[in-house]
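Protein sequences, first through last, are from chains Y and P.
For the first sequence, position 74 (counting from the first letter as 1) is numbered 73 according to numbering that gives the first Met the number 0, and the numbering increases by one without interruption.
For the second sequence, position 81 (counting from the first letter as 1) is numbered 80 according to numbering that gives the first Met the number 0, and the numbering increases by one without interruption.
Mixed in with the good hints, there may be bad ones.
[Said to hold, decoys possible] Capping the alpha-carbon separation at 16 angstroms, the derived lysine to aspartate or glutamate pairs in EDC-like fashion look like this:
(1) P:K75 with Y:D47
(2) P:K75 with P:D92
(3) P:K11 with P:E40
(4) P:K75 with Y:E43
(5) P:K5 with P:D31
(6) P:K75 with Y:E49
(7) P:K75 with P:D103
(8) P:K20 with P:E67
(9) P:K20 with P:D91
These are calculated hints, taken from the structure and not from any lab test.
Here the structure is a predicted model, which means the values were calculated and not measured.
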Amino acid sequence: MQRISVTVRLNRSTLQFDDAAYGRLETYLAESASLLEGDPDPQEILSDLEQAVADQCTRRLRTDQAVVTLAELVPALEEIGSVQTSAASVAPDQTTRGTARPLQQVSEGAVISGVCMGLARYFGLNVTALRIFAVLLLLLSGGGVILVYFALMLLFPYAPLESGGQPLRWLPAKSRAFTEFLAQKFSLASSPTRPEAQKPRHP
Amino acid sequence: MIIESKLAPIRKGLLEFLVLKIVGARSVYVPDILRRLAGTEFATQEGTLYPLLSKLRREDLVQYDWQESDAGPPRKYYRLTDAGRTQLAALDDYWNRINRTIADMGH
Numbered sequence: 000m001q002r003i004s005v006t007v008r009l010n011r012s013t014l015q016f017d018d019a020a021y022g023r024l025e026t027y028l029a030e031s032a033s034l035l036e037g038d039p040d041p042q043e044i045l046s047d048l049e050q051a052v053a054d055q056c057t058r059r060l061r062t063d064q065a066v067v068t069l070a071e072l073v074p075a076l077e078e079i080g081s082v083q084t085s086a087a088s089v090a091p092d093q094t095t096r097g098t099a100r101p102l103q104q105v106s107e108g109a110v111i112s113g114v115c116m117g118l119a120r121y122f123g124l125n126v127t128a129l130r131i132f133a134v135l136l137l138l139l140s141g142g143g144v145i146l147v148y149f150a151l152m153l154l155f156p157y158a159p160l161e162s163g164g165q166p167l168r169w170l171p172a173k174s175r176a177f178t179e180f181l182a183q184k185f186s187l188a189s190s191p192t193r194p195e196a197q198k199p200r201h202p
Numbered sequence: 000m001i002i003e004s005k006l007a008p009i010r011k012g013l014l015e016f017l018v019l020k021i022v023g024a025r026s027v028y029v030p031d032i033l034r035r036l037a038g039t040e041f042a043t044q045e046g047t048l049y050p051l052l053s054k055l056r057r058e059d060l061v062q063y064d065w066q067e068s069d070a071g072p073p074r075k076y077y078r079l080t081d082a083g084r085t086q087l088a089a090l091d092d093y094w095n096r097i098n099r100t101i102a103d104m105g106h
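Please take these sequences and the hints and turn them into a complete structure.
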């Protein structure tokens with residue numbers, strides 16, 4: 000015994016498909032449904048596509064042929080093409096993916112050098128939450144995070160300033176204020192015992 | 000080829016405008032629209048057109064009526080709504096302004 004065909008209702012048409020064609024059709028419709036995820040009215044589009052498949056296959060059937068095979072279905076699906084959601088909903092997605100912001104340090108609003116700001120911006124996180132997390136990590140790691148921070152600070156390029164100016168190079172955004180603060184506090188020009196202030200002073 | 004890919008996003012954005020134009024000329028069903036676009040820079044497929052028409056219908060720019068066909072099941076015939084007509088006129092106007100701007104630039 001052998002199953003010859005499956006009767007399929009496609010929107011307003013009924014057609015017979017052989018097993019292979021039926022499998023291919025199921026895949027196509029499942030793919031279409033997943034591509035339409037997020038569309039407010041996927042059911043209407045899927046019904047239209049089903050009808051398109053039915054029409055295209057019917058047109059390709061020979062007059063003496065009752066069952067749709069891959070020979071009809073594959074070119075039919077090729078002509079219909081895979082689901083492309085409308086330009087309006089596709090465009091913003093593409094631009095964010097196409098021109099993804101690089102990881103940068105963001106000087107404006109920075110606490111130290113803007114590494115947290117940059118990470119938060121890149122991953123779409125809340126910067127305050129990230130900073131609290133960083134401080135927790137600092138306490139738990141016993142200071143290892145400081146090295147990581149400085150490594151990232153040297154690795155990340157500087158984001159251009161919103162004001163249009165050039166950011167400080169090789170210096171954490173806050174280092175100028177910080178060294179001035181230290182100098183004032185110790186009323187000394189040099190403070191070699193303060194590694195925090197010295198470390199970022201790369202040439 | 001390079002030119003084509005440079006203007007690909009523009010073509011994509013203009014497809015909606017062209018579909019409104021086609022639907023605005025007379026009531027059509029999807030194969031009519033595909034035939035009208037075939038062979039132009041805007042040739043497209045049902046997989047693209049149905050989601051677009053669904054969006055336009057949700058925005059109340061087009062609507063459809065079922066019409067019996069001599070072969071097969073009834074067909075959806077699309078036409079513009081009043082809002083669709085207004086938007087098409089505005090798009091036409093804007094497009095003409097853009098064309099003038101482009102033509103005048105560089106003189």
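Hints, verified against the model:
1. P:K75 with Y:D47: 9 angstroms, holds
2. P:K75 with P:D92: The hint is violated at about 29 angstroms.
3. P:K11 with P:E40: 10 angstroms, holds
4. P:K75 with Y:E43: 12 angstroms, holds
5. P:K5 with P:D31: 28 angstroms, violated
6. P:K75 with Y:E49: 13 angstroms, holds
7. P:K75 with P:D103: Violated. P:K75 to P:D103 sits at ~43 angstroms, over the 16 angstroms cutoff.
8. P:K20 with P:E67: 24 angstroms, violated
9. P:K20 with P:D91: Holds, at roughly 9 angstroms.
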